[in-house]
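S.K.: Chains as they are written, first to last, in the UniProt record's numbering: chain A, 1 to 221; chain B, 1 to 221.
A portion of the hints provided could be inaccurate.
The list makes no distinction among identical chains, and a pair is therefore deemed to hold if it is satisfied within one copy or across any two copies.
Cross-link-like lysine-lysine pairs, in silico, DSBU-like; alpha carbons within 30 Å at most [said to hold, decoys possible]:
| # | residue 1 | residue 2 |
| --- | --- | --- |
| 1 | K24 | K54 |
| 2 | K24 | K134 |
| 3 | K117 | K24 |
| 4 | K54 | K137 |
It is worth saying that the hints were derived from the structure and are not from the lab.
2 protein chains.
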Amino acid sequence: MNTLYHYALSPFCRKVRLSLAEKKIEVGLVEERYWERDPDFMRRNPAGKVPVLKMDGMTMSDSAAICEYLEEAYPTPNLLPRDPKARFEARRLVGWFDDKFYHEVTAMLTGERVNRKVMGTGYPDSSNVKAGAKAIKYHLDYMAFLLEDRRWLAGNDMTLADFAAAAQLSCLDYTSDVDWNRSEAVKDWYAKIKSRPAFRSILADEVPGFTPAAHYADLDF
Amino acid sequence: MNTLYHYALSPFCRKVRLSLAEKKIEVGLVEERYWERDPDFMRRNPAGKVPVLKMDGMTMSDSAAICEYLEEAYPTPNLLPRDPKARFEARRLVGWFDDKFYHEVTAMLTGERVNRKVMGTGYPDSSNVKAGAKAIKYHLDYMAFLLEDRRWLAGNDMTLADFAAAAQLSCLDYTSDVDWNRSEAVKDWYAKIKSRPAFRSILADEVPGFTPAAHYADLDF
Numbered sequence: 001m002n003t004l005y006h007y008a009l010s011p012f013c014r015k016v017r018l019s020l021a022e023k024k025i026e027v028g029l030v031e032e033r034y035w036e037r038d039p040d041f042m043r044r045n046p047a048g049k050v051p052v053l054k055m056d057g058m059t060m061s062d063s064a065a066i067c068e069y070l071e072e073a074y075p076t077p078n079l080l081p082r083d084p085k086a087r088f089e090a091r092r093l094v095g096w097f098d099d100k101f102y103h104e105v106t107a108m109l110t111g112e113r114v115n116r117k118v119m120g121t122g123y124p125d126s127s128n129v130k131a132g133a134k135a136i137k138y139h140l141d142y143m144a145f146l147l148e149d150r151r152w153l154a155g156n157d158m159t160l161a162d163f164a165a166a167a168q169l170s171c172l173d174y175t176s177d178v179d180w181n182r183s184e185a186v187k188d189w190y191a192k193i194k195s196r197p198a199f200r201s202i203l204a205d206e207v208p209g210f211t212p213a214a215h216y217a218d219l220d221f
Numbered sequence: 001m002n003t004l005y006h007y008a009l010s011p012f013c014r015k016v017r018l019s020l021a022e023k024k025i026e027v028g029l030v031e032e033r034y035w036e037r038d039p040d041f042m043r044r045n046p047a048g049k050v051p052v053l054k055m056d057g058m059t060m061s062d063s064a065a066i067c068e069y070l071e072e073a074y075p076t077p078n079l080l081p082r083d084p085k086a087r088f089e090a091r092r093l094v095g096w097f098d099d100k101f102y103h104e105v106t107a108m109l110t111g112e113r114v115n116r117k118v119m120g121t122g123y124p125d126s127s128n129v130k131a132g133a134k135a136i137k138y139h140l141d142y143m144a145f146l147l148e149d150r151r152w153l154a155g156n157d158m159t160l161a162d163f164a165a166a167a168q169l170s171c172l173d174y175t176s177d178v179d180w181n182r183s184e185a186v187k188d189w190y191a192k193i194k195s196r197p198a199f200r201s202i203l204a205d206e207v208p209g210f211t212p213a214a215h216y217a218d219l220d221f
């Protein structure tokens with residue numbers, strides 16, 4: 001049986017869960033309190049982070065490398081386009097959400113509000129929360145700009161870039177940090193991706209002590 | 001003419017420069033003081049970072065996406081293995097050096113010692129320098145562990161993982177932050193990669209106001 005060691009509000013785990021589900025690869029989920037650096041877990045994964053995927057005789061870490069592996073070993077359905085330039089654009093946006101969006105927004109909002117308490121690292125830092133609330137506006141506007149002449153973020157087909165973005169936004173939506181009224185295009189895009197069967201397990205996530213926003217799992221939000 | 005907007009001591013630019021040179025793709029280098037957020041540069045690259053590569057009618061950012069593009073559009077020589085599992089291992093290590101190693105080591109040492117002064121953000125933070133000096137030992141040991149039964153970091157062939165690692169280490173070597181006596185295997189590996197023609201332009205880099213370590217460009221260090 002394939003096993004994914006994960007943490008519910010990790011956008012990187014969510015990105016991998018979406019890829020696995022879209023490709024119809026069954027996987028057992030094991031919640032991993034990775035910040036406690038359990039020796040068994042550290043042996044499986046010297047980087048000490050989630051996701052870790054046990055599959056095909058490997059113990060894999062690094063969500064970007066995992067998604068590329070899934071794409072090559074399980075190409076149906078394709079989550080990257082065929083043309084190298086279109087593939088570049090999808091990967092550029094995966095990097096944008098995994099790196100820039102995560103550090104500027106998700107770490108500052110969901111990270112401060114939930115993870116600090118769960119991990120026992122103190123109270124939310126209000127200057128970080130303020131910076132995150134400001135940055136998300138810019139990022140939503142950038143997404144709206146991309147969606148002006150594209151059906152999905154990287155072009156006219158759904159790609160890993162949409163999963164990378166939806167993984168971040170769904171964490172932020174759990175903590176009511178997304179203003180869905182800011183852009184009709186972004187809201188429509190999220191409604192489309194949220195209604196996919198691959199999204200179901202993510203909408204069922206619950207972190208003890210933190211109730212998700214009322215509309216979190218609602219397909220008409 | 002292809003153009004790479006770069007900053008000499010950015011490991012991500014160095015990784016792309018090594019890929020380009022190994023594939024014999026000619027490129028003009030333009031030094032970009034990206035932290036000054038020049039409006040022209042920001043228009044080319046909304047993420048506001050380097051490297052940015054103008055090539056094949058595209059303006060590309062994100063070093064990981066750029067390297068994957070180069071690999072697909074210019075496959076000779078291959079810098080990723082053919083087998084999906086071996087490709088996973090190479091990409092996992094690229095992620096390790098780009099993300100973990102960079103944040104734990106390069107940002108703490110070269111970042112504090114040089115970039116702060118160049119970018120005018122104050123004096124080095126000595127607790128960061130201390131943390132980086134401690135972390136590099138662990139990372140050199142991890143590399144030595146990998147090299148115990150591999151010729152290169154990800155297996156028996158040279159891959160992007162070696163370039164990702166050498167890009168970080170060469171920045172640290174500029175500021176004399178690598179103890180090459182810690183592991184014979186790591187030193188031998190670096191000597192091999194440092195002597196490749198692709199490395200020449202990196203060994204000629206100079207940042208005004210910071211003289212490189214005496215052995216920086218020496219192939220017998």
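S.K.: A separate judgement is required for each hint: does it hold in the structure or not?
M.R.: Comparing the hints with the structure gives:
1. K24 with K54: within (16 Å within a copy, 38 Å between copies)
2. K24 with K134: neither (37 Å within a copy, 43 Å between copies)
3. K117 with K24: This pair counts as neither: shortest intra-copy Cα distance 34 Å, inter-copy 51 Å.
4. K54 with K137: between (37 Å within a copy, 29 Å between copies)
Violation of the numbered hints given earlier is confined to hints 2, 3; the remaining hints are satisfied by the structure.
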